[in-house]
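Protein chains: 2
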Amino acid sequence: MLVCMLQRPSVGGTVSRSLDSLFSPRSVAVVGASRDPAKWGGQLARGALKGRHRRIVGLVNRSGGEILGSASHRTLAELPDAPELVVACVPAAAFEQTVDEALDVGARAIVGISAGVGEAEERALGRRVRDADAILLGPNCLGVFDRDAELDLAPWVDFPPGEIGLIAQSGNLSFELGLLAAREGLGFSRFASLGNQADLEAAELVESFARHATTKLIALYVEDFRDGRAFARAAASAGKPVVLLTVGGSEAGVRAARSHTRALASDLAVVDAACRAAGIVRVSTPRELIEVAKPLLSGKRLRGRRLVVLGDGGGHGVVAADVAARHGLEVPLLTPSLAAELAAVLPGTATTDNPVDFAGGGEQDVRTFERVVQLLLDSGEADALLVTGYFGGYGTAAEREVAVALVGAAERSGVPLVVHSLFPDSKALVDSGALAYREIERAVSALAALVDREPRCVPALASEVVPPVEEGYFAARTLVEDAGVPMIAARPVATAAEARAAAAELGYPVGLKSLVSEHKSDAGGVVLDLADPDELDAAYRGFPAGPCSVERMAVVGDGLELIVGVRRDPRFGPVLLVGLGGVFAEVFGDVALALAPVEPAEAERLLRSLRCAPLFDGARGRPRLDVAAAANAASALSQLAARAPWIAELEVNPLLVTADGALGLDARLVRDTMEEPS
Amino acid sequence: MLVCMLQRPSVGGTVSRSLDSLFSPRSVAVVGASRDPAKWGGQLARGALKGRHRRIVGLVNRSGGEILGSASHRTLAELPDAPELVVACVPAAAFEQTVDEALDVGARAIVGISAGVGEAEERALGRRVRDADAILLGPNCLGVFDRDAELDLAPWVDFPPGEIGLIAQSGNLSFELGLLAAREGLGFSRFASLGNQADLEAAELVESFARHATTKLIALYVEDFRDGRAFARAAASAGKPVVLLTVGGSEAGVRAARSHTRALASDLAVVDAACRAAGIVRVSTPRELIEVAKPLLSGKRLRGRRLVVLGDGGGHGVVAADVAARHGLEVPLLTPSLAAELAAVLPGTATTDNPVDFAGGGEQDVRTFERVVQLLLDSGEADALLVTGYFGGYGTAAEREVAVALVGAAERSGVPLVVHSLFPDSKALVDSGALAYREIERAVSALAALVDREPRCVPALASEVVPPVEEGYFAARTLVEDAGVPMIAARPVATAAEARAAAAELGYPVGLKSLVSEHKSDAGGVVLDLADPDELDAAYRGFPAGPCSVERMAVVGDGLELIVGVRRDPRFGPVLLVGLGGVFAEVFGDVALALAPVEPAEAERLLRSLRCAPLFDGARGRPRLDVAAAANAASALSQLAARAPWIAELEVNPLLVTADGALGLDARLVRDTMEEPS
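Heads up: the protein sequence lines correspond to chains A and B, in order. Each number in our numbering corresponds to the 1-based position in the first sequence with 1253 added. Each number in our numbering corresponds to the 1-based position in the second sequence with 1253 added.
Treat the hints with caution; some may be incorrect.
Chain copies aren't distinguished; within one or between two, either way the pair holds.
What the hints assert, rightly or not - Dumping the calculated SDA-like pairs for lysine to any residue here, alpha-carbon to alpha-carbon at most 25 Å:
hint, residue 1, residue 2
1, 1553, 1680
2, 1292, 1647
3, 1292, 1347
4, 1553, 1654
5, 1547, 1414
6, 1547, 1691
7, 1553, 1881
8, 1303, 1359
9, 1547, 1695
10, 1292, 1651
11, 1680, 1435
12, 1547, 1676
13, 1292, 1649
Derived by calculation from the structure, the hints in this document are not laboratory data.
Let the hints inform the model, and build the full structure from the sequences given.
The structure is reproduced here in C-alpha cells:
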C-alpha cells in the first residue's frame, strides 16, 4: 500500500522550521535604510518604524545620521540591540557581507531585498544561513508583512487587513492582488515575497501559513516551484484552502517565466496533477484568484454539482443554465413531485423544471422567492441555489426580509446560495450578507469554486532505490516486465540465421525491429506481419547491420492502443501519464497525468478520465476491454518510477488493451544523469 | 459558382420593408393607457407623452378620462388624429380586436405588448397585419425605443443614449444590458423587443438597424431565430458589427429557451456556422456582449493575431502571455534586430523577446514606454500592443504625456493598443483616451474581439428543386453518386444465388449488408471480408430474410475514415457537416459545420479546421491524403442539399480518404416531410 501523506510533512529531510523570527520578530534591523522616501531603503525604514511599539527597530546606513527621526548606525555590529530579523536592502555586491554580519550578530532571519546576486552565490549563502540555523527569504524579494504582528516590511503594497496569506513571486502582481482584494472587501493576514528562494521555498512558507491561525486561505503566485512535491504535500496538509496562480499555459508564458525568475518550468499538466492530488485550486489570473478566494473564505462547500437556477424572467435562467454547464455544474430536471410543489406556489405560466422561471410570480409577490427556495432546500434535490435576474431591484421592505430569510435558510441547510442580480448593491442584498454578483459568470464561478475537492493525497516517494539499468530496448523490456507489465514475446538477434531461429520458436507471422539507431529515441525500422522465413530474410536484409528484435505479432482486433508511461518532472518528481496511443495520439492529445506512484484503483480512475474512455466499456458494439489490466500496468510503472529516480522517461507505447488483458508492444527508456531535482 | 449574398438581401421573398412607422412615427396611440404609474399602461403613457413635442400622442382607455394631464379616448376610432403607430397594451383576449381597430384607423405599425395570445392566433394576426401593408412587433414584447426620434415606448428600461442598436427577446436581459452598458460609458441608439415574432423577425429588424445611421453596432439577444438564413444574410450585409448573445450551450439552456420563447432551438454549432459565415461575433453572457461592443465601437481592427506584450515587471507579462494564448492570440518571438533595438533603450536586465519586460526601465524613466512602443509600431512585427501592469500609477505629468503619445502613435499606425493597468482610472489613462482595463482578461478579450472576421458570405439557396427520391440504401447511394461522390461498388441482391453472382462479378473478398432493418437508421447487419462463396453463403444465412447489398471491399490501409453529411436545420436550412469517422468519431466529436452550399475550396478549409487535419498531410510517416477529393465530395453533398429541401439528413459515413481519392463506403438518407422551415 502507498502511504498517503496526510500527516504534517517535513521539507528537505529536516523537521519543518519555525518562521516566527521572520513574521513576528522581537527586533528588526533595516540595512540600507535611507533618508530618501522615494528609495526602497526609505520606505523600508518607514515600514519598520511603524512597528516600533511592538519591537526594537534598528536602522543601518553607511553614512549614519538621523532617518525619520531615529538615529541610524553604520553597521549591524554597532546597533545597541542585536536584531532577530535583518532586512538587507543593499547593492548586490554588498549582500554577502551583510548576510555574514547578520549571522555574526545572531540574527535568526534575513530578508534579502537585494537583486542581481549571482545564482551560485545565492545558493552558497542559502546554505550558509541554513547551517547557522537561521532562515533567509529571497534575495530579490519584496519583503514580508504580518497583520497581527504589525510587521510591515513590504510597505510599497498597501495590504488591506484580512484573512488571506499571500506568497508571491512578483511584486507587481502582489500589488494588483492587494488592489483587487480591497475592491471585494477582502484583505491579507500575511505576505511573503518568495524572490529567488535561496533558502526558504514555497513549501516551507505554506507550512508556516498553515500553522498561522489568522490565515484562513493561502494564496500563491509561483513561477518556480523548486521542490514541487514538498509544495504539494504542504498544501495537502494545510487544512485550509490553497489557491495557486501560476503560468505555463503558453509557449510565450513559459519563455517569459524563464526570463523572469529563472523558472525551470513544469508542464502545466504536471502542475495540475499536483493540484488535483493536493486539493489546490489553480487559477490563471489575479482576478480569478480573488474571485475564488471570496466564496472559499465563506467556508461553504458544495456536496455535489446539482445546481438549481431560479428567477423571475426566462432569459436570465436560460443564460445561467448555459454558463453553469460551462463551469462544470449540472442543472438537472427536478422530480415531478417537487415540480408540482413549486407549481402550487407559482403562476400558471411559470416553468418549474429547472431553471425555475417565476414568470412574474416574484413581481406579484416577492415572498414567492422565500417559498420556492424553502421547497428547494427541503427537497434535497439541490446542492446549490442560484437566484438570477431582477431580485434585489424590487426595493420594498418585504424584499429585504425575503433576502435575509433566503440567506438564513440556505445557511441552516448547508446548501450554498449565490445571487446574480442587476442590483447587487441594493440594501436588500447587502443587508442579507448574500454572496451577490453583478455578472452571471462571476456568480456561477463562485459556486464552482465551492465544489468539494477530491480527498487529498500526495503520494510519498519510496526511500529504497532500484539499481539503475542501462538504456536499450531489451533492458527497457526487462525493467517493465520485472515491474509486472506483460510484454509481447521477443528475441534479440544479431544475424539472419538467429532471426530465422527466433521466428521459428515464436511462430509466424512475426515482426522485426531494428535496434541500431535507438538512442534515447524510438527504435529504428519496424516491419510487421512477416509471414514466412523468406519475408523475414528480405526484411532483415533491408535493415542496417546490427542488433534486431524478432517479435510475435499481437492480434489487435477490437483492442485499443494506449500509452502508459512515467517521466520525471524536474520540480514534481515522477509523474504517470496514460493516454490514447496509435495514429490519433498526437492530434487529440487525450492524456491524463498523476503524481507517481498511484494505486491500481487510482490508475483506473485516471484511465477513465480520458475522453476515449467510453470505448473501454464496449461502445458501438465493441467488446468490453480489460481496463483493470491497463490500470495494473500503469500503476506498476508508476511504482517503479517512485523507486527509480534515475528514470527520466519510461514508456510502454503501445500498450494493447483487449477484452482479455493488456500487452506492451514496445518499450522505451531514457535515463537521467541528474538523479534528484536541484 | 455559388452566389455570395453581399448585396442587400430580401426577406421572405419580398422587398425589405421600411420600419419608419415603428421607430419614428408622426403619431402614436397607446391602447390600454393607465392612470396607475405602477402598471405598464401607465408607464407606456408616460413614455409616449415624453415625445409629445415630436409627435401627436393619443391615449386610449376604456373608461376615458384624463391621464397624466392628457385627455384619453375610449377607442382608437374616437382619437382626433389617426395614429401611425399603435401600442397595444391590452389583455390577450382584447388583442385581436385592438389590432383590427388599429388597421381600421390606418395604423402602419403595431407594437403588441399583450402576452398570452395563442400561437395560432398570433400567426393569423401577423398575416393579417402584413396583408394590410402594416407591420407588427410582438406580441408579448416589451416595446421600442429610438434615441433620435425621442420615442420611448419601453420606459421600464432606462437606456443610456449611445450607438448600440439592441434587438432582444428578454426584458430583464435588456434591462441588464442597459445597466452594464452605462457602467462602461456605452449607450443605445435604438431598441426593439422581439416578442413572439408574429410578423417582424430578427432578420428584418437587423436590416432596418443596418440602414439606421446612428446605430454603429447591432446587438441581439435571440433564443428563436425563425428564418435563421435570412437573419445571417441580414447580418452579413449590415456593414457594421453584429454581436449576438444566444443560448443553447447546455441541455438545460435549450430546455429553458423552449419554455421561455417556444424556441425551436438550433444546435449551437449551427448558429456558430452561421455566425462565421456572416461575420457575427457570438457571445454567451450580457457582460461579454458589452465587453466586445466597447472595442468594436472604437472602429479599430486587428490585421493579424501577433500581439506584443510590454510592461515594467515580469509577472504581469507572464500572466498576459498565457491569457493571450487562451484567447487565440499569438505572442511571437521578436526578430533579433528588433530585440536589439529594444535592448538599446532598456536596462541591461530587461527581456526583449516578447513579452518585453522593462525590468525597472519604466520606473527609471517613464518615457521608456514611448520609445519601446514607437520601435514596436515601426517594426511591423505587431498586429496589436498590450501594455500591462503598473503603467498609469507613476502619477507624474510625464506619464500623462507618454500615455497621450502612446495612444496617438498607435492611432496613426492603425495598430490597436490596449492597456491593462492597476490604475485604469488614473488621470494619465483617462486623459489619453486609451482602452484601459483593470483586469488582464478583459484587456486581452477586448483585443481578441478586434480580430478581423473572415470575409462574409452567407450562401444563397438555389431556387430550382431536385425532385425527391424515396428513402432506402440504394436510392441514397444513387443520389450521392449522381451528386458526384464516388461510392464503393455494390449490388442489390434478394437471394443467396444473386449474392453469389454479385460477388463473382465484383470479385472476392466482398462485404454483405442486410437492408432489412434500415429505416431512418443505420442499415442492419454488416459482415466484411468474406473471402469466398462459402463464407458469403454462411453470412447470408445468418441474416434475416430480405434485401441485401453485396459490396466490394475497400482497402483501408493508411487511409482515414471521415464523415461527410448534410442536414436541415429548422432555422438555418441545409448545413454541411464534416468530421472524423470510425471508432473515435463519437468520443472526440471532431466535426465542423458550415451553411450549405459550400464551394470545394471552402469545404477543404472546413476539413482542415478539424483537429485530425494533421493526418491529411502525412504526419507520423503516413502518406499524404487526397483532401481535395474529400472536399469535392463534401461540396457536392452541400450543393445537393441546397437544391433539395426534402433532405432532412444525408450522410456518407465512412468516406474513406486515401492517397488516391475519396470513396463512400456507406450512405444514409432521411427525408423530411416538412419541406420549409416554418
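Tested hints:
1. 1553 x 1680: For residue 1553 and residue 1680, the Cα distance is within 25 Å only inside one copy (23 Å; across copies 40 Å).
2. 1292 x 1647: between (53 Å within a copy, 14 Å between copies)
3. 1292 x 1347: within (17 Å within a copy, 78 Å between copies)
4. 1553 x 1654: within (22 Å within a copy, 48 Å between copies)
5. 1547 x 1414: within (14 Å within a copy, 35 Å between copies)
6. 1547 x 1691: both (15 Å within a copy, 18 Å between copies)
7. 1553 x 1881: Intra 36 Å, inter 56 Å, cutoff 25 Å: neither.
8. 1303 x 1359: For residue 1303 and residue 1359, only the intra-copy Cα distance (24 Å) is at most 25 Å; the inter-copy one is 80 Å.
9. 1547 x 1695: both (11 Å within a copy, 20 Å between copies)
10. 1292 x 1651: between (56 Å within a copy, 20 Å between copies)
11. 1680 x 1435: both (20 Å within a copy, 21 Å between copies)
12. 1547 x 1676: For residue 1547 and residue 1676, the Cα distance is within 25 Å both inside one copy (19 Å) and across copies (22 Å).
13. 1292 x 1649: between (54 Å within a copy, 17 Å between copies)
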